[in-house]
Amino acid sequence: MDFNDSPTEAAYREKARAWLVEAAAAHRAEHGEPKANTPEHMAAAKAWQARKAAAGYACITWPAAVGGGGGTPIESVIFGQEEGKAGVAYGYFTIGLGMCVPTVMAFSDTDTKKRFVSPAVKGEEIWCQLFSEPAGGSDVAALRTRAVKDGDEWVINGQKVWTTGAHYSDFGILLTRTDPDVPKHKGLTMFWIDMRDPAVECRPIHQMSGGREFNEVYFSDLRVKDSQRLGEVGQGWQVALVTLMNERLAVGGSAGPNYREVMELARALPGEDGPALSNDAFREKLADWFVASQGLKFTRFRTMTALSRGQTPGPESSIGKIISANQLQDLANTAVEMQGEYGVLIGPEAAAGAAFQQSLMWAPGLRIAGGTDEILKNIIAERVLGLPGDVRVDKDVAFKDMPTGR
Amino acid sequence: MDFDYSDDQKFLKDEARKFLGGRCPPAVVRGVLDDPAKSYDAPLWAAVAEQGWLGAAIPEEHGGLGLGRVELCAIAEELGRAVAPIPFASTVYILAEAVMAHGTAAQQAAILPRVAAGALIGALAVSEGPGVLTPSALSARVEGGKLSGVKIPVTDGDIAHVAIVLANEGGKPGLFLVDLTGAGVKRETLESLDPTRSVARLTFDGAAAERLGGAGEGFDLVQAILDRAAVLLAFEQLGGADRCLEMAKEYALGRYAFGRVIGGYQAIKHKLADMYVKNEVARSNAYYGAWALNDDAPELPTAAAAARIAASEAFWFASKESVQVHGGMGFTWEVDCHLYYRRSRQLSLVAGSPRLWKERLVSELEKKNAA
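Listed in order, the protein sequences are those of chains B and W.
Residues in the first sequence are numbered consecutively from 0, following numbering that gives the first Met the number 0.
Residues in the second sequence are numbered consecutively from 0, following numbering that gives the first Met the number 0.
Derived from the structure by calculation, the hints contain no laboratory data.
Beta carbons: idealized from backbone N, C-alpha and C, even for Gly.
A few of these clues could be false.
[What the hints assert, rightly or not] Chain W is faced by these chain B residues, among others (derived, beta-carbon under 8 angstroms):
| no. | residue |
| --- | --- |
| 1 | Arg16 |
| 2 | Glu283 |
| 3 | Ala286 |
| 4 | Phe289 |
| 5 | Gln293 |
| 6 | Thr304 |
[What the hints assert, rightly or not] Computed footprint of chain W on chain B, listed as stretches where at least three residues anywhere in the stretch have a Cβ under 8 angstroms from a Cβ of chain W:
| no. | region |
| --- | --- |
| 7 | 122-129 |
| 8 | 372-385 |
Excised from the complex, chain B in its bound form (with noise of 0.2 angstroms):
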């Protein structure tokens, strides 16, 4: 037990430290620190991923023949660490360099994979995951929209939804139906697609948070090519199953207020009886939340330590954002209910620059996205523990025979 870097670790992390410490200087020199979702910003990230790449900081377990960084997943979290505390990380490219680029890589030609590996890892374009639909959201292969052949391409229509950074992405992913007369899993089938295509239609979705964030994507009549197929004519199924695998390594922490920023409030806020910080239920409330902020840390801690060993990390990472989400709505609520009615406030007069009433208004996103706590109960349950699936009427049924509801 030992929270240390092994000597590899420690020189490797030294090595990145000492190339961040020059390259986010010389990054802000040159960009400043531009709001987020501005073109500055944007500008700003796709610079810092150039540099990155020509480092070899850029995917860094990917070869260093695609642009990659011939590195270790280790090698990988520590670059991620040090890149984080160096304030310089952007989201943009998590999405297209975490899951659809290594599709891309599976499932193409080598022309297909020289035209788009190498300006996405550089940050030359950006990608996108188009496979949540309204009618199919925790039951993905549920979706509707439609790919029908003719001749040497392919006719799309349909819609997609909470698709993230639609708006801003190059290309995408897009897993759609090609055959309604057998069962829903076996009629489906991926493509690539271009996102600046006319017949692409992108409209924000207006969140209950108030925000923005995500898309509504519209395809009329998209015609792509049958050279944009990623793998074979209704196995999209087990094409996505690889893009979803890869979303597994990511080791990263939680967004948001934590038992430190609670804490800080209550210190200050009159309570009952003295501080908000000298009441029992709070304060047992408090000890919860450290202890499964301290959980899930150092269940990361043992994530990396398989990676480090050099073995594939057990399933302990499956329980992470069931807590983290639920943590997060839990605390905002309290630090919320802590402060009366002036909790209501959320100008500038707001008790701790509003963030917990952000938080609260969140984190009910937060449980539904990337598996909803249910799925993922399903997922440890089923995937961990070894206990069946669900009873599935579905399975044998042709789709376009499925009951449908709203």
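Based on these hints, arrange chain W on the given structure of chain B.
Same frame as chain B, now just chain W:
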């Protein structure tokens, strides 16, 4: 980064599981449960001593194996899994650890070799009644090296040879080592929620007492002793919680209702997933506690509290929901669920309730935050 058992430690843990599988099956636990005359399983205790486990963390100069605390944690995890009916915690986590941390050279030489050899059982005698014992309520006292007062309950007090007793001397609380086999000690075995771990009332009337640690430091010393014990107890709780999840899963895969195994119903699957999540949080916190204990790190008070809270919660949840998954069978005496349900309560209460540890944790965070 190396935040897991080493290969050697995993080997030790596997061997411990095999050993306890043979020597401590449920029948052995039930032998103590169903026989009011039995306070522990003496043959198992002797076998455990022979394995060297009692002295695993005791230095070789005192007859131990001189291994680290992480090795002791690995053993604790397996003992918890087997609900071993032996006074291991009282003797090893509490008495031996306390004497190593706070005892004089003479006290160490007198006690540690006998612990390692399996010739001495220990106990911690703090409580005098229900609720939290405050300094002003402490009534046991030592005068002229003689102890008087009543301690209730004392885990393993009926079978222990030596107890660490909290008592006032000259109006100041201190800790004292007391030979329970000597004069002036009356012991009564009491009925317990968990009959597989014995508990007693100790009445002292002029028993010889020798101070352990500094004068007036009694309550601080108790806390320091419990910090160390809490980490080791957390591993026992974790082992028990893991076994509850396994038992519930096995039952859910074999029991049919409404035409299919109950493990296919989401109500059961989500319950088991919740157990898994709590157990992993407990495991990660326990590992951090093991590191802090092994390295004598200044983080030990927070790490121990977090390990204790997470493990208490995980074992409680797993033990009660395991009964639930087993349905009516789970409520019978014959099915083993209640062994774990009882032990989860015993382990949560024996070194201070989770409620107290939460308060301690937040106080530590406040100190750290203010510094």
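- Item | Hints the structure fails to honour | 1 and 7
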